[in-house]
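Here is how the chains run, residue by residue.
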Amino acid sequence: MFKDKPRSVLLESRVWTLLYQMGFDLLSGKGGAQLVADPRDTQSPKTQIDCVAIDSEVGLACECKTFLEPKKDPDFLGTISRLSGIRKGFVQSIKKQFPFEKENSKRHIATILFTWDFLLSESDAKRAAAQNVVLFDEQALEYYRKLVAHLGPAARYQFLSEVFPSTQIEGLEIKTCRHCERKQGKLFVTPFPCARSTC
Amino acid sequence: MIENVQHRDALIGFSRQQSKQIITRIIHTADLEEEQTKDGKLRLVRRVKNGFVCSKTSRGLFC
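Residue numbers (numbering that gives the first Met the number 0), protein chains in the order written: chain A, 0 to 198; chain B, 0 to 62.
To be clear, the hints were calculated from the coordinates, so they are not data collected in a lab. A few of these clues could be false.
Straight line, CA to CA, 25 Å or less: simulated DSS-like cross-link-like pairs of lysine-lysine [as the list claims (entries may be wrong)]:
| id | chain 1 | residue 1 | chain 2 | residue 2 |
| --- | --- | --- | --- | --- |
| 1 | B | Lys19 | A | Lys2 |
| 2 | A | Lys4 | A | Lys29 |
| 3 | A | Lys95 | A | Lys70 |
| 4 | B | Lys37 | A | Lys4 |
| 5 | A | Lys45 | A | Lys87 |
| 6 | A | Lys4 | A | Lys70 |
| 7 | A | Lys29 | B | Lys19 |
| 8 | A | Lys95 | A | Lys45 |
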């Protein structure tokens with residue numbers, strides 16, 4: 000005996016479960032997280048974020064939107080503007096509340112919109128990209144749900160590569176030998192100068 | 000400030016109180032009773048009219 004979840008709740012649950020299975024350390028609880036504009040003021044406005052996932056490398060603020068049947072969102076620009084608007088407060092809050100153990104480390108922050116039965120045009124996608132909002136539709140979500148079922152937490156790296164394209168990742172820089180200017184690859188794994196006899 | 004963000008381990012599973020509520024609901028739904036065994040553990044049993052005691056186990060209901 001079971002009762003189906005409403006679509007909006009189901010999408011949020013699926014996204015939360017995906018982030019949990021990907022191994023993020025900190026996650027939002029039931030009903031999502033609330034971003035408080037001014038924590039000293041009890042009357043300060045709060046912004047609800049459907050799913051939040053934070054670890055030592057990244058912070059993700061996810062919004063979930065769905066319709067009962069395939070439809071174009073008349074206020075899509077408003078939705079992405081709102082999501083983009085919380086970015087600054089989200090970055091500052093994470094920095095203060097969950098500081099790094101290592102100094103001089105940088106946590107990458109992303110705002111993601113998960114959609115289900117949303118009809119999106121090319122211009123919508125461009126607008127979202129301009130506002131630094133990453134879009135995932137129901138097919139992408141289903142793909143990552145399957146991937147995480149196969150690979151477990153390792154699936155997060157493919158997910159993160161889609162969320163942070165062309166982003167420099169700390170510790171993965173290509174280093175060159177100062178002496179012979181060769182790139183450190185499989186042959187040159189030792190610190191500078193490289194181990195080649197001709198170097 | 001972000002409210003309602005916790006460590007993953009704190010968000011999974013049921014609290015002691017929730018577990019108790021769930022068990023109580025199962026007992027009521029399935030019309031079962033709790034009975035203490037000789038070694039002090041609790042087991043769920045279904046009492047039937049003719050006096051037999053049926054024990055609810057993971058493999059089914061045994062009388």
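A quick look at each hint next to the structure:
1. Taking the CA atoms of B:Lys19 and A:Lys2, the gap is near 21 Å; set against the 25 Å cutoff, the hint holds.
2. Only pairs whose Cα atoms come within 25 Å are accepted, and A:Lys4 paired with A:Lys29 is accepted, the gap being roughly 14 Å.
3. Pair hint A:Lys95 plus A:Lys70 does not hold up; C-alpha atoms about 39 Å apart against a cutoff of 25 Å.
4. Proximity of B:Lys37 to A:Lys4 is assessed by CA-CA distance (about 43 Å); at most 25 Å being required, the pair is judged violated.
5. Between A:Lys45 and A:Lys87 the alpha-carbon distance is near 14 Å, which keeps this suggested pair within the 25 Å criterion.
6. Between the alpha carbons of A:Lys4 and A:Lys70 the distance comes to roughly 20 Å, so the proposed pair stays at or under 25 Å and holds.
7. With a C-alpha separation of about 20 Å, the suggested pair A:Lys29 and B:Lys19 falls inside the 25 Å cut-off, and the hint holds.
8. About 17 Å separates the Cα atoms of A:Lys95 and A:Lys45, which keeps this hinted pair within 25 Å; it holds.
Hint compliance for this structure: hints 3, 4 are broken, all remaining hints hold.
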